[in-house]
Amino acid sequence: MNLSVNLPGLSMKNPIMPASGCFGFGREYSSFFDLSTLGAVIMKSATKNERLGNPTPRVAETSSGMLNAIGLQNPGVEKIIESEIPFLADYDTCIIANIAGSSVEEYEYVAESFNQTDHVDALELNISCPNVKEGGIQFGTDPYMAAFVTETVKKVTNLPVYVKLSPNVTDIVAIAKAVESAGADGLSMINTLTGMQMHLPSQKPLIANKTGGLSGPAIKPIAIRMIYEVKQQVSIPIIGMGGIANAEDVLEFLLAGANAVAIGTANFNNPFICPEIINGLPNVLNKYGFHSINEAVGKGIFHEPADLSSS
Amino acid sequence: MNLSVNLPGLSMKNPIMPASGCFGFGREYSSFFDLSTLGAVIMKSATKNERLGNPTPRVAETSSGMLNAIGLQNPGVEKIIESEIPFLADYDTCIIANIAGSSVEEYEYVAESFNQTDHVDALELNISCPNVKEGGIQFGTDPYMAAFVTETVKKVTNLPVYVKLSPNVTDIVAIAKAVESAGADGLSMINTLTGMQMHLPSQKPLIANKTGGLSGPAIKPIAIRMIYEVKQQVSIPIIGMGGIANAEDVLEFLLAGANAVAIGTANFNNPFICPEIINGLPNVLNKYGFHSINEAVGKGIFHEPADLSSS
Amino acid sequence: MINKVNMAILKKKFIAKDTIEFVLKNEFISHHASPGQFLHILIDGLTLRRPVSIADIDKSSNEVTIAFKIVGTGTKKLASYEPGQSIDVLGPLGNGFDISNTHPKKVLLIGGGIGIPPLYHLGKRLSENNVKIISILGYQTKESVFYEREFQELGDTYVVTDDGTHGYQGLVTDVLTKVSSFDTFYTCGPTPMLKAIKERLSNSDGYVSLEERMGCGIGACLACVIPTSDGEGYKKICQDGPVFHAKEVNLS
Amino acid sequence: MINKVNMAILKKKFIAKDTIEFVLKNEFISHHASPGQFLHILIDGLTLRRPVSIADIDKSSNEVTIAFKIVGTGTKKLASYEPGQSIDVLGPLGNGFDISNTHPKKVLLIGGGIGIPPLYHLGKRLSENNVKIISILGYQTKESVFYEREFQELGDTYVVTDDGTHGYQGLVTDVLTKVSSFDTFYTCGPTPMLKAIKERLSNSDGYVSLEERMGCGIGACLACVIPTSDGEGYKKICQDGPVFHAKEVNLS
Ligand SMILES: Cc1cc2nc3c(=O)[nH]c(=O)nc-3n(C[C@H](O)[C@H](O)[C@H](O)COP(=O)(O)OP(=O)(O)OC[C@H]3O[C@@H](n4cnc5c(N)ncnc54)[C@H](O)[C@@H]3O)c2cc1C
Ligand SMILES: Cc1cc2nc3c(=O)[nH]c(=O)nc-3n(C[C@H](O)[C@H](O)[C@H](O)COP(=O)(O)OP(=O)(O)OC[C@H]3O[C@@H](n4cnc5c(N)ncnc54)[C@H](O)[C@@H]3O)c2cc1C
Ligand SMILES: Cc1cc2nc3c(=O)[nH]c(=O)nc-3n(C[C@H](O)[C@H](O)[C@H](O)COP(=O)(O)O)c2cc1C
Ligand SMILES: Cc1cc2nc3c(=O)[nH]c(=O)nc-3n(C[C@H](O)[C@H](O)[C@H](O)COP(=O)(O)O)c2cc1C
Ligand code: FES
Ligand code: FES
Numbered sequence: 000m001n002l003s004v005n006l007p008g009l010s011m012k013n014p015i016m017p018a019s020g021c022f023g024f025g026r027e028y029s030s031f032f033d034l035s036t037l038g039a040v041i042m043k044s045a046t047k048n049e050r051l052g053n054p055t056p057r058v059a060e061t062s063s064g065m066l067n068a069i070g071l072q073n074p075g076v077e078k079i080i081e082s083e084i085p086f087l088a089d090y091d092t093c094i095i096a097n098i099a100g101s102s103v104e105e106y107e108y109v110a111e112s113f114n115q116t117d118h119v120d121a122l123e124l125n126i127s128c129p130n131v132k133e134g135g136i137q138f139g140t141d142p143y144m145a146a147f148v149t150e151t152v153k154k155v156t157n158l159p160v161y162v163k164l165s166p167n168v169t170d171i172v173a174i175a176k177a178v179e180s181a182g183a184d185g186l187s188m189i190n191t192l193t194g195m196q197m198h199l200p201s202q203k204p205l206i207a208n209k210t211g212g213l214s215g216p217a218i219k220p221i222a223i224r225m226i227y228e229v230k231q232q233v234s235i236p237i238i239g240m241g242g243i244a245n246a247e248d249v250l251e252f253l254l255a256g257a258n259a260v261a262i263g264t265a266n267f268n269n270p271f272i273c274p275e276i277i278n279g280l281p282n283v284l285n286k287y288g289f290h291s292i293n294e295a296v297g298k299g300i301f302h303e304p305a306d307l308s309s310s
Numbered sequence: 000m001n002l003s004v005n006l007p008g009l010s011m012k013n014p015i016m017p018a019s020g021c022f023g024f025g026r027e028y029s030s031f032f033d034l035s036t037l038g039a040v041i042m043k044s045a046t047k048n049e050r051l052g053n054p055t056p057r058v059a060e061t062s063s064g065m066l067n068a069i070g071l072q073n074p075g076v077e078k079i080i081e082s083e084i085p086f087l088a089d090y091d092t093c094i095i096a097n098i099a100g101s102s103v104e105e106y107e108y109v110a111e112s113f114n115q116t117d118h119v120d121a122l123e124l125n126i127s128c129p130n131v132k133e134g135g136i137q138f139g140t141d142p143y144m145a146a147f148v149t150e151t152v153k154k155v156t157n158l159p160v161y162v163k164l165s166p167n168v169t170d171i172v173a174i175a176k177a178v179e180s181a182g183a184d185g186l187s188m189i190n191t192l193t194g195m196q197m198h199l200p201s202q203k204p205l206i207a208n209k210t211g212g213l214s215g216p217a218i219k220p221i222a223i224r225m226i227y228e229v230k231q232q233v234s235i236p237i238i239g240m241g242g243i244a245n246a247e248d249v250l251e252f253l254l255a256g257a258n259a260v261a262i263g264t265a266n267f268n269n270p271f272i273c274p275e276i277i278n279g280l281p282n283v284l285n286k287y288g289f290h291s292i293n294e295a296v297g298k299g300i301f302h303e304p305a306d307l308s309s310s
Numbered sequence: 000m001i002n003k004v005n006m007a008i009l010k011k012k013f014i015a016k017d018t019i020e021f022v023l024k025n026e027f028i029s030h031h032a033s034p035g036q037f038l039h040i041l042i043d044g045l046t047l048r049r050p051v052s053i054a055d056i057d058k059s060s061n062e063v064t065i066a067f068k069i070v071g072t073g074t075k076k077l078a079s080y081e082p083g084q085s086i087d088v089l090g091p092l093g094n095g096f097d098i099s100n101t102h103p104k105k106v107l108l109i110g111g112g113i114g115i116p117p118l119y120h121l122g123k124r125l126s127e128n129n130v131k132i133i134s135i136l137g138y139q140t141k142e143s144v145f146y147e148r149e150f151q152e153l154g155d156t157y158v159v160t161d162d163g164t165h166g167y168q169g170l171v172t173d174v175l176t177k178v179s180s181f182d183t184f185y186t187c188g189p190t191p192m193l194k195a196i197k198e199r200l201s202n203s204d205g206y207v208s209l210e211e212r213m214g215c216g217i218g219a220c221l222a223c224v225i226p227t228s229d230g231e232g233y234k235k236i237c238q239d240g241p242v243f244h245a246k247e248v249n250l251s
Numbered sequence: 000m001i002n003k004v005n006m007a008i009l010k011k012k013f014i015a016k017d018t019i020e021f022v023l024k025n026e027f028i029s030h031h032a033s034p035g036q037f038l039h040i041l042i043d044g045l046t047l048r049r050p051v052s053i054a055d056i057d058k059s060s061n062e063v064t065i066a067f068k069i070v071g072t073g074t075k076k077l078a079s080y081e082p083g084q085s086i087d088v089l090g091p092l093g094n095g096f097d098i099s100n101t102h103p104k105k106v107l108l109i110g111g112g113i114g115i116p117p118l119y120h121l122g123k124r125l126s127e128n129n130v131k132i133i134s135i136l137g138y139q140t141k142e143s144v145f146y147e148r149e150f151q152e153l154g155d156t157y158v159v160t161d162d163g164t165h166g167y168q169g170l171v172t173d174v175l176t177k178v179s180s181f182d183t184f185y186t187c188g189p190t191p192m193l194k195a196i197k198e199r200l201s202n203s204d205g206y207v208s209l210e211e212r213m214g215c216g217i218g219a220c221l222a223c224v225i226p227t228s229d230g231e232g233y234k235k236i237c238q239d240g241p242v243f244h245a246k247e248v249n250l251s
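Chains as they are written, first to last, in numbering that gives the first Met the number 0: chain V, 0 to 310; chain D, 0 to 310; chain B, 0 to 251; chain Z, 0 to 251.
Hints are computed from structural coordinates only; laboratory data are not their basis.
In this text the structure is predicted, and so the values were computed from the model without any measurement.
Don't be surprised by glycine CBs; every beta carbon is placed ideally from N, CA and C.
Incorrect hints may appear among the rest.
Once the Cα atoms are required to be at most 25 Å apart in a straight line, the calculated DSS-like pairs of lysine-lysine come out as [what the hints assert, rightly or not]:
hint, chain 1, residue 1, chain 2, residue 2
1, B, LYS76, Z, LYS75
2, Z, LYS10, Z, LYS76
3, Z, LYS246, Z, LYS234
4, B, LYS68, V, LYS286
5, V, LYS209, D, LYS298
Okay, the calculated bits of chain V under chain Z, using three or more residues with CB under 8 Å as the criterion [unchecked claim]:
hint, region
6, 25-33
7, 56-63
8, 66-75
9, 170-177
Please take these sequences and the hints and turn them into a complete structure.
This is the structure in structure tokens:
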């Protein structure tokens, strides 16, 4: 079974990659399996300078999901280029650098910095982090701002840009179309939904940052719906994510319109989840009659012959 | 332990009520327990004329939740007033009529119709149903429209109006403030999140309506976050809902700012859930040091002394 | 009368490929359930209960039998339960087969796959009333066959499999011609099968038992509706059904 | 070296109120784990694994003991597991107590509540190396007391309870004066206790074992960080810890 997928900048042996922030820079997971089995690795968000992130607790369990408010802790783009990318570059896998910032200038700076290395294959533009006070999500909830930061980054980078969309919006199609017009080469969706949990004993929010990003199987139906809606309105490829936990879930995302997928929270449950899904995918595709990844992409988009609903 | 709660129009013996659409008009559940134990009953959405709803399948299981696309099936407001309300009126519980429509005129008509009966204590204005083609959610995602329909309904009804907000928005606080200014007596939040599930064997969306509303424990963190945010910006009371499954969950909603709560999906899991929660509530309040419902309301809203986060 | 009860699992048996039979114990259900009614089963970790028909009842020992096929998450988890454990059940639910008012002398039971269990319960009750039973049972393949002997004990039984690995090859409708006259038919199985039967036997009196994904299971949520044949309304499968007069509902 | 393994539950024992001890079997863990390391346990139906310290190891029989208290959903579910079942474990995780490089003659172990189990594993190993052990164990109340006899076998043991229903009344810090000199202290327990000990014993060499809510458990997600005392950065409790030199980290 041919699992290969070709997307702008990404010539991947399979459509499976760990999601940003759930895999660090690959070091820890490299002791569990050969990272060369992965289609790509999406690195933890990079900012201009080192960030120490939010106070703890930073994570909480929710029904079929989790909240996190790490707060973009990372060593800064220079250190990542110096110390992390050379490590990953030794593996036969694509490298996607996720970039974040508090200002358009910061996004610009970080994007440009990645031109220094030859080992990054694409950028993922995180305009959807709900866990920092400034920047992040504010760029992802306004089509104009989203387009502006996309355009700015496109001007300075020589890499394809995948814009990572926030689900915390009324109209995700509007944002998707705006960043497509601004030159995005692809979309990455979805980031986490803003959530909160109350800690009864202390009578305050459990997460020190109060709100956190909800991820895991709980949000899968929302991710599928958004990809389904966006796919019909844009022509750039989509990297899908949100609650994927097995190979059946991957097929569900492909049918809804994703061209490839990323796996986040499930890595914490099972550090071997990515290779296990890669191994399981051929059987699942086969079972439902597909001979390649591309064949399944968008196949579930169903245009009703007539309106059967009785509104 | 005093569980009573007084909200506009609703003088309730406890803060627990079944959520709209999950309890029909109470008939079926009345064979399981005495409806007089409930603080209130929120009836299934009423529209001007009978509606037959969407094609089936109308429900699907998701991780810690479910999708539904019933499509506001109901016998129409006249029939509800004639046949359903007299049945409910025999119980010692408050009655909240949920009203929906495809146009402002329809909301107006339905609201006015409920003036005919003396047995309804309050209206819940459903401007957030994601499962019908026209109306419903479009009124709930635009602050101007939300305010307009609220204002219109307020003019014709002699009952307090609780506006039921949609979580499918970028800025729920803006909608909440808009309907408060338009005269809403309270808020009801949250309705379902729009979601989708792909059915692998048939390679199309499982729900016949394609998308459905996501409810159940999966969405609880989103409900808590939204109530927490809105509570700080409005002064009208909030009926909280979204994934409540036990008495601890109720306390979580109270701490986040809800004045009372509604229970939806959990009724399907356990038809006795409402009386069980009512029975369990005193112990839970006690355990965490509360002597009444009101004492807990908004207690979890935590204003940090200083900004400890390192952005 | 409906109740929420705990039913102890007394016995567990694999009766065909991916098909499991549980013998459950509960006095309330065994005394209140009639053929065609179902149980709404709470399965650990799931939000919605799963409907499963009653396949047999022994009132004297308070034993209730169900048989189900593993098709997804819920049935897989249910299949992992072992004797000694008990399950939380809402039941008995729905309107079963109407056998009190009509007095047929000879009936035809037509079951497809996992639609077969409720017909067994029906057949046993009818046969106790000296009704003559003819059965047509359809399965995918030899490995899926179950309850064949049990139905033979009730009367003439025709087995068909899609691939001909057991009994006749074909669909249940292909052997209809082998059956001489009958007063009433009762059928349960996949919707395409029910439709074909309804068409073929449009001149006969008959009842169909339907399936739909359910929410509440008791008539409150309107998840499980089916259009009535007059085009004017809906019936709730969980409460008005699952058994309907064949002429009453519109299978599309 | 970290691995994902299945550990069979051999024995289950309630050792105090809401406190359960499991004896688990696994060769890899028993041979690779050192005192202070922990297991990251997958619990049915939960998204995140739960960290639980190793309380004892018997290398000859490949047995690994853990002891945990029921405090929430995860530990409640874990407590429902029975011998015969096995659990999915990621381990051994973290950096344990440094006992190879230092050569103390006499150590003080200070444990609070559910922080006591890893100190038992440590005490046993040290005592095998002829180190003299003094222990201070703090519990809420008499019913919560466990491992008292086990620690007494290792050396002088002072027990305190918050309410004085067993041993001395008060906090572990209240009996510190009873302890004569020691070379190194090792402590694990609730953060306020660790802070108090750090202050009281600021002139002594010592190690603290910390807890924080975890995601990955292996150093990748940055959920479990603690500021270093130089104010310049963070350490990961799951990977750099859970044991730190008392001077290294900032408990606030
Ligand atoms: C009144 C009634 C009686 C039933 N009696 C029996 C019985 O006696 N034995 C038995 O094996 N099954 C019976 N079913 C079907 C059974 O309820 C489903 O197989 C079960 O709910 C599937 O749950 P799951 O979680 O395993 O599958 P899911 O993961 O939910 O779905 C897997 C597949 O099962 C099918 N399915 C899911 N829900 C239903 C449903 N409500 N009805 C029909 N198909 C469904 C779908 O085709 C789906 O592809 C009955 C259904 C109804 C409505
Ligand atoms: C390295 C390490 C070793 C540990 N060793 C042990 C041990 O040997 N025995 C033992 O009983 N417990 C131990 N714990 C604590 C244990 O992990 C938690 O009690 C457990 O995760 C709670 O899960 P829950 O689902 O039952 O509780 P939840 O429902 O998640 O929370 C219930 C309560 O437990 C507390 N809690 C939750 N997570 C943690 C956590 N990670 N650390 C501390 N408290 C928490 C909170 O105060 C919360 O109020 C250890 C924790 C760490 C980090
Ligand atoms: C602990 C954690 C940290 C995350 N950090 C980042 C991040 O730094 N940048 C980013 O773009 N997304 C981040 N995400 C979001 C994920 O990449 C992903 O979009 C989201 O979790 C949904 O996928 P999942 O349900 O498979 O986890 C993080 C998620 C988690 C759980
Ligand atoms: C089957 C079903 C039908 C519903 N119908 C309605 C409705 O008619 N009107 C309405 O305002 N909300 C309706 N809702 C939304 C619920 O009232 C509630 O807001 C939502 O389900 C979240 O609560 P829960 O998680 O407790 O179910 C429906 C929900 C479900 C699951
Ligand atoms: S399942 Fe709720 S009405 Fe039938
Ligand atoms: S739990 Fe992930 S870094 Fe420690």
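Hints not upheld, ascending by number: 9
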